[in-house]
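*Asks:* One letter stands for each residue in the lines below.
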Amino acid sequence: AQSVTQLDSQVPVFEEAPVELRCNYSSSVSVYLFWYVQYPNQGLQLLLKYLSGSTLVKGINGFEAEFNKSQTSFHLRKPSVHISDTAEYFCAVSELVNNNDMRFGAGTRLTVKP
Amino acid sequence: DSGVTQTPKHLITATGQRVTLRCSPRSGDLSVYWYQQSLDQGLQFLIQYYNGEERAKGNILERFSAQQFPDLHSELNLSSLELGDSALYFCASSVGGFQETQYFGPGTRLLVL
Numbered sequence: 001a002q003s004v005t006q007l008d009s010q011v012p013v014f015e016e017a018p019v020e021l022r023c024n025y026s027s028s029v030s031v032y033l034f035w036y037v038q039y040p041n042q043g044l045q046l047l048l049k050y051l052s053g054s055t056l057v058k059g060i061n062g063f064e065a066e067f068n069k070s071q072t073s074f075h076l077r078k079p080s081v082h083i084s085d086t087a088e089y090f091c092a093v094s095e096l097v098n099n100n101d102m103r104f105g106a107g108t109r110l111t112v113k114p
Numbered sequence: 001d002s003g004v005t006q007t008p009k010h011l012i013t014a015t016g017q018r019v020t021l022r023c024s025p026r027s028g029d030l031s032v033y034w035y036q037q038s039l040d041q042g043l044q045f046l047i048q049y050y051n052g053e054e055r056a057k058g059n060i061l062e063r064f065s066a067q068q069f070p071d072l073h074s075e076l077n078l079s080s081l082e083l084g085d086s087a088l089y090f091c092a093s094s095v096g097g098f099q100e101t102q103y104f105g106p107g108t109r110l111l112v113l
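Here the protein sequences come in this chain order: A and B.
Residue numbering for the first sequence follows the working numbering, starting at 1 and increasing by one per position.
Residue numbering for the second sequence follows the working numbering, starting at 1 and increasing by one per position.
For the record, the hints were derived by calculation from the structure and aren't laboratory data.
Being a predicted model, the structure only gives us computed values, none of them experimental.
One should not assume that every hint holds.
Stated by the list, open to error - With a Cα cut of at most 30 Å, we get these calculated DSBU-like pairs of lysine-lysine:
| # | chain 1 | residue 1 | chain 2 | residue 2 |
| --- | --- | --- | --- | --- |
| 1 | B | 57 | A | 49 |
| 2 | B | 9 | A | 49 |
| 3 | A | 58 | A | 113 |
| 4 | A | 49 | A | 113 |
| 5 | A | 49 | A | 69 |
| 6 | B | 57 | B | 9 |
| 7 | A | 69 | A | 58 |
| 8 | B | 57 | A | 69 |
What the hints assert, rightly or not - Some but not every residue of chain A turned toward chain B, in silico, with C-beta under 7 Å:
| # | residue |
| --- | --- |
| 9 | 32 |
| 10 | 44 |
| 11 | 46 |
| 12 | 51 |
| 13 | 94 |
| 14 | 99 |
| 15 | 100 |
| 16 | 101 |
| 17 | 102 |
| 18 | 104 |
| 19 | 106 |
Cβ coordinates follow ideal geometry from the N, Cα and C atoms, glycine included.
All chains should be modelled from the sequences, with the hints used to inform the complete structure.
*Replies:* Listed below in structure tokens is the structure:
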């Protein structure tokens, strides 16, 4: 079965600085990859997803992620963060074959300081 | 606003009791998913329904069950509740399967005392 590891539980960063949230996955088959954001007291919202094709995926709010099959990684990046980006970010994976499950990482708490 | 509604927002109950959580998907979405989010186990997929039929099963306990009705709303039934069932329960909906964008509701926070 697939699994996800988010390498940082907390990432503090100053406003307007770049940020990278790291995600590694494990699966014996091809996968779909997702990044979701959860703002306080809200449900999750999709930032971006990789299904196939270009390995650089652009999402909402200026975020992008790069799928690296050899490294089994799907790191999320933003060149300049805002205070409003403070939230919990979840990486998730679902397998193409037996597309009947989704596994989430433990989450990365991004805190943007003024 | 994702378009997915969940009721109730909060639920406090006692051990051994049974509760029902309700979810209405976005208009046009045929799939409904249930997730549990807790501090010790993180975010876990429980079960998926597609157009009224069970499509996929995750880490759902035998004490839990769900169904999707003809109008596509879904209910998650939790019985013989234990302290460890205290968590945030999310419903999400999508057009089709896991590769589709899932839209999450605001969640139901369950506290078992």
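*Asks:* Now look at each hint and say whether the structure bears it out.
*Replies:* Cross-check of the supplied hints:
1. 57/B x 49/A: holds (22 Å)
2. 9/B x 49/A: Since the Cα atoms of residue 9/B and residue 49/A sit roughly 29 Å apart, the hinted pair holds (cutoff 30 Å).
3. 58/A x 113/A: holds (24 Å)
4. 49/A x 113/A: holds (27 Å)
5. 49/A x 69/A: Holds, at roughly 15 Å.
6. 57/B x 9/B: It holds: about 24 Å lies between the C-alpha atoms, which stays within 30 Å.
7. 69/A x 58/A: Satisfied, since the Cα-Cα distance of roughly 17 Å is no more than 30 Å.
8. 57/B x 69/A: Holds - the C-alpha atoms of residue 69/A and residue 57/B are around 27 Å apart, at most 30 Å.
9. 32: Hint holds; residue 32/A Cβ to chain B Cβ min 5 Å, cut 7 Å.
10. 44: Hint holds; residue 44/A Cβ to chain B Cβ min 4 Å, cut 7 Å.
11. 46: holds (5 Å)
12. 51: holds (6 Å)
13. 94: This interface hint holds because 4 Å falls under the 7 Å limit.
14. 99: For residue 99/A, the interface hint holds, since the closest Cβ of chain B sits about 5 Å away, which is under 7 Å.
15. 100: holds (4 Å)
16. 101: holds (6 Å)
17. 102: Nearest chain B Cβ about 5 Å off; hint holds.
18. 104: holds (4 Å)
19. 106: Since chain B brings a Cβ to about 5 Å from residue 106/A, closer than 7 Å, the hint holds.
The structure fails none of the hints (numbered hints given earlier).
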